[in-house]
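Take the sequences, apply the hints, and build the full model.
Protein chains in written order, with my numbering: chain A, 1 to 282; chain B, 1 to 287; chain C, 1 to 241.
Warning: the hint list may mix true and false statements.
Keeping only pairs whose Cα atoms sit at most 35 Å apart, straight-line, the calculated DSBU-like set for lysine-lysine is [what the hints assert, rightly or not]:
(1) K228(C) - K129(C)
(2) K156(C) - K228(C)
(3) K156(C) - K238(C)
(4) K116(C) - K156(C)
(5) K271(A) - K129(C)
(6) K106(C) - K129(C)
(7) K204(C) - K228(C)
(8) K271(A) - K116(C)
(9) K204(C) - K271(A)
(10) K118(C) - K271(A)
(11) K129(C) - K26(C)
(12) K228(C) - K26(C)
Simulated from the structure, these hints should not be mistaken for laboratory data.
The primary structure of each chain is shown beneath.
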Amino acid sequence: MATAEASVADVRGHPIVRRASLIRVIEAVIGASIFLVLLQILLNFSLLDPEFWRRYGGSFETGIGTTLRFVAIILPLSAVLGFFLGWLRISRFRSLSWPVAVYVDFFRGIPPIVIVIYASIFGAALLQARFTGKDLAWNVAAVALALHSAAYQSEIFRAGFQSVPRGQIEAAQALGMRPTQAMYNVVLPQALRLSLPPLGNEFAVVIKDTSLLAAIGTLDLFGVSQDFIQAVFLQPGASVYWLLTMWTAVALVYFAMTTAVTQVLLFLERKFHVRGLEGVSV
Amino acid sequence: MGSLEDLRRQRTRTFDTIAAVVLTIGIVGVLLEVLVGRYGLNWTYIASAWPTYLRGAWVTFYVTTVSYIVGMGIGFIIGWARAARVSVRKPGAQGAAVFGVKYTLRRMGDGYVAAIRGTPLFVQIVFVSSVLVIRFSSLDPNQLALIAGLVALTANTGGYQSEIFRAGIQTVHTGQVEAARAIGFSRWKAMRHVVLPQALRLVIPPLTNEYIGLLKASSLLLVIGIVELTEIGRREAFFQGKPFESFAIVTGLYLLITVPVSKIVEYIERRLRVPGLGIQAAPTTRV
Amino acid sequence: MIRVEDVHKYFGTLHVLRGISLDVSKGEALVIIGPSGSGKSTLLRCINLLVEPDAGRVFIDGVHVNRHDINREWVRQQVGMVFQSFNLFTHLTALENVMLGPIRVKGVSREQAEDKAKQLLARVGLAAKANAYPAELSGGQQQRVAIARALAMDPKAMLFDEPTSALDPEYIREVLDAMTALARDGMTMIVVTHEMGFASNVAKRIVFMDGGVILEEGHPQEIFEHPKQERTRAFVSKILR
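In structure tokens:
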């Protein structure tokens with residue numbers, strides 16, 4: 001993330017958050033606009049080509065809708081699972097923490113696209129008896145992506161739990177709290193706050209990962225765009241420069257989504273911030 | 001030594017460990033049974049198709065390593081540029097110009113990293129590929145795809161590595177340059193003899209993780225037709241009708257590299273941990 | 001009030017407590033001194049069952065508490081503990097820290113808990129800091145909140161584990177004053193500390209522990225000026241400035 005540059009901030013030693021973030025936003029918008037203009041000049045395409053948007057616009061909207069739908073499925077699923085797995089991971093019972101460790105190592109060790117491809121093959125094959133529908137493969141792959149992200153999120157939550165000083169748990173016990181009470185009243189409020197910033201990054205990754213579903217034919221934003229490529233070369237009056245327009249637009253949409261998600265979580269973190277809670281790092 | 005309480009605790013611990021091993025192997029076994037058990041693994045196929053997969057693995061390795069090394073150069077330069085603290089503006093028109101240039105460069109670096117981190121690798125790859133298709137339409141498509149893939153991966157890892165280098169330099173930088181200069185080092189010498197040696201040691205774990213991340217990310221090059229390991233697996237699964245075997249081999253090969261390396265990095269980080277010194281939260285290439 | 005009979009504790013093969021026996025009567029303030037590693041903290045934790053004794057018996061107000069069928073949470077409500085590193089809950093204000101125990105453990109209503117908490121904070125001199133977070137308080141202030149937090153549970157006795165060892169010197173006085181006032185009010189307490197001034201003023205009895213056993217016991221004057229054992233003398237001379 002861009003560091004606040006206001007020299008006044010450095011002299012005082014503390015960033016003046018409000019002013020700096022407003023400056024940053026303005027900088028970013030101006031910078032991005034200049035960059036886009038330069039890009040279009042350099043590569044000789046136009047982002048606002050009306051003929052292109054007339055043909056592509058519909059797919060664009062559908063694609064964004066599908067992507068958002070998958071994001072809405074995968075994010076909560078992975079967060080809940082990741083939280084639960086992170087909790088198990090710090091259990092003093094090896095019979096609970098070892099299987100989770102193996103799970104995490106497996107899902108973090110292979111590329112997500114491998115998970116998507118094989119989940120669609122196996123999922124469809126195994127579940128075909130019970131479920132039907134062409135969306136089946138896509139949904140199975142989406143769930144598999146959730147499992148994949150849950151592995152990363154479990155590490156985030158684990159770090160959050162472990163960041164709460166052990167002494168406070170002792171103090172809670174000394175007051176007579178049962179282990180569940182100590183967890184709920186002392187550990188969770190702090191662990192969750194500490195986990196927010198890294199979670200924001202992970203959520204951004206989930207949004208980007210949904211593009212992988214296109215590899216099995218899903219018509220998310222990336223998928224519809226790939227389909228449209230056939231149109232570029234087949235339809236009359238199509239310009240090859242539309243490729244650049246399209247991918248730039250697609251990139252901007254993903255960028256907007258990832259920025260939105262990280263900003264929301266940063267906002268939440270600021271809102272619930274308590275002085276003295278140091279950030280966790282994963 | 002010990003008491004009843006102690007013995008009981010020891011017994012629970014042993015039981016727990018055995019249960020852990022049994023549970024882990026059991027769950028994995030059940031999953032394998034569900035996936036493979038019905039059909040069994042065709043070992044003849046595996047024995048004969050082995051080289052095909054290795055060829056794919058070689059492409060993966062080759063593409064990753066080349067992009068990683070070039071990306072390191074880019075990442076180091078950009079990281080260093082972004083790690084510099086706010087420079088004091090010297091008076092006069094020349095001072096303003098220098099400040100303006102540094103400011104613009106720094107902002108460009110920020111934008112570059114934000115773009116890489118904020119967009120999917122898939123999009124980055126096809127965008128580069130589109131640019132090349134338009135500009136160099138006469139090139140052989142295979143060569144074009146390879147170049148596009150290398151450029152995209154390099155740009156991607158360059159962005160993430162710049163963050164790693166920036167964090168490393170900034171962690172060490174504070175106060176150390178002043179201390180070094182107080183002893184008599186010039187600013188350049190301080191950088192070279194004090195900051196960089198420490199920073200280099202700090203960045204090794206995250207850089208290793210970045211290599212692993214890039215290795216996994218290279219699988220996305222299949223979208224422009226590069227035949228790396230995952231693509232081989234996909235083809236064998238669909239066109240040779242061997243989904244289980246290809247899954248086993250592909251997953252096995254990836255895990256064979258990623259898991260041991262990650263464990264080694266974890267171990268090194270734990271052993272060499274200096275309290276208060278360490279880059280945390282350095283993001284690595286994720287798709 | 002608190003009785004410890006021949007308690008032993010092992011950590012692996014390390015024999016940390018080797019048959020400790022102690023009797024603390026109601027209203028008494030007992031001070032335990034000794035070198036680090038002598039088992040003082042472990043002994044305290046055996047009393048409120050944060051650590052389970054391997055042998056021996058612990059009695060609180062006549063009740064034998066180190067049985068495996070005991071309700072540990074009940075035991076810990078009877079005895080309050082103040083830690084060397086304060087261990088305040090960083091996500092809660094001072095007031096909320098003091099209120100949490102009564103609300104969650106004793107089921108007291110929020111209003112009652114709040115009133116009580118305000119009183120207790122006033123008692124330790126921190127009424128003005130009720131809405132401050134631990135990060136905004138000095139070490140001495142944090143420790144006083146910790147004392148109020150322990151008192152909020154209406155314990156029969158209080159355990160202090162080196163309460164001033166982690167404090168900057170200028171804050172030690174205020175915490176010791178709070179503890180002295182508590183002792184004057186008749187609270188039964190066991191204090192592990194190196195603060196000799198406090199020990200002389202407040203304790204009727206001092207216990208010297210070393211290597212997991214009680215080496216010597218007696219009046220503050222006896223222990224400080226005429227220690228009988230050689231090791232006691234060596235230790236006392238090191239900490240008396």
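Here's how the hints hold up against the structure:
1. K228(C) - K129(C): violated, 46 Å
2. K156(C) - K228(C): holds, 33 Å
3. K156(C) - K238(C): Holds, because 34 Å separates the two Cα atoms, which is no more than 35 Å.
4. K116(C) - K156(C): Judged against 35 Å, a Cα distance of about 17 Å means the pair holds.
5. K271(A) - K129(C): holds, 22 Å
6. K106(C) - K129(C): holds, 24 Å
7. K204(C) - K228(C): It holds: about 18 Å lies between the C-alpha atoms, which stays within 35 Å.
8. K271(A) - K116(C): holds, 29 Å
9. K204(C) - K271(A): Not OK: K204(C) and K271(A) at ~51 Å, beyond 35 Å, violated.
10. K118(C) - K271(A): Holds - the C-alpha atoms of K271(A) and K118(C) are around 27 Å apart, at most 35 Å.
11. K129(C) - K26(C): holds, 32 Å
12. K228(C) - K26(C): Roughly 27 Å separates the two Cα atoms, so the pair holds.
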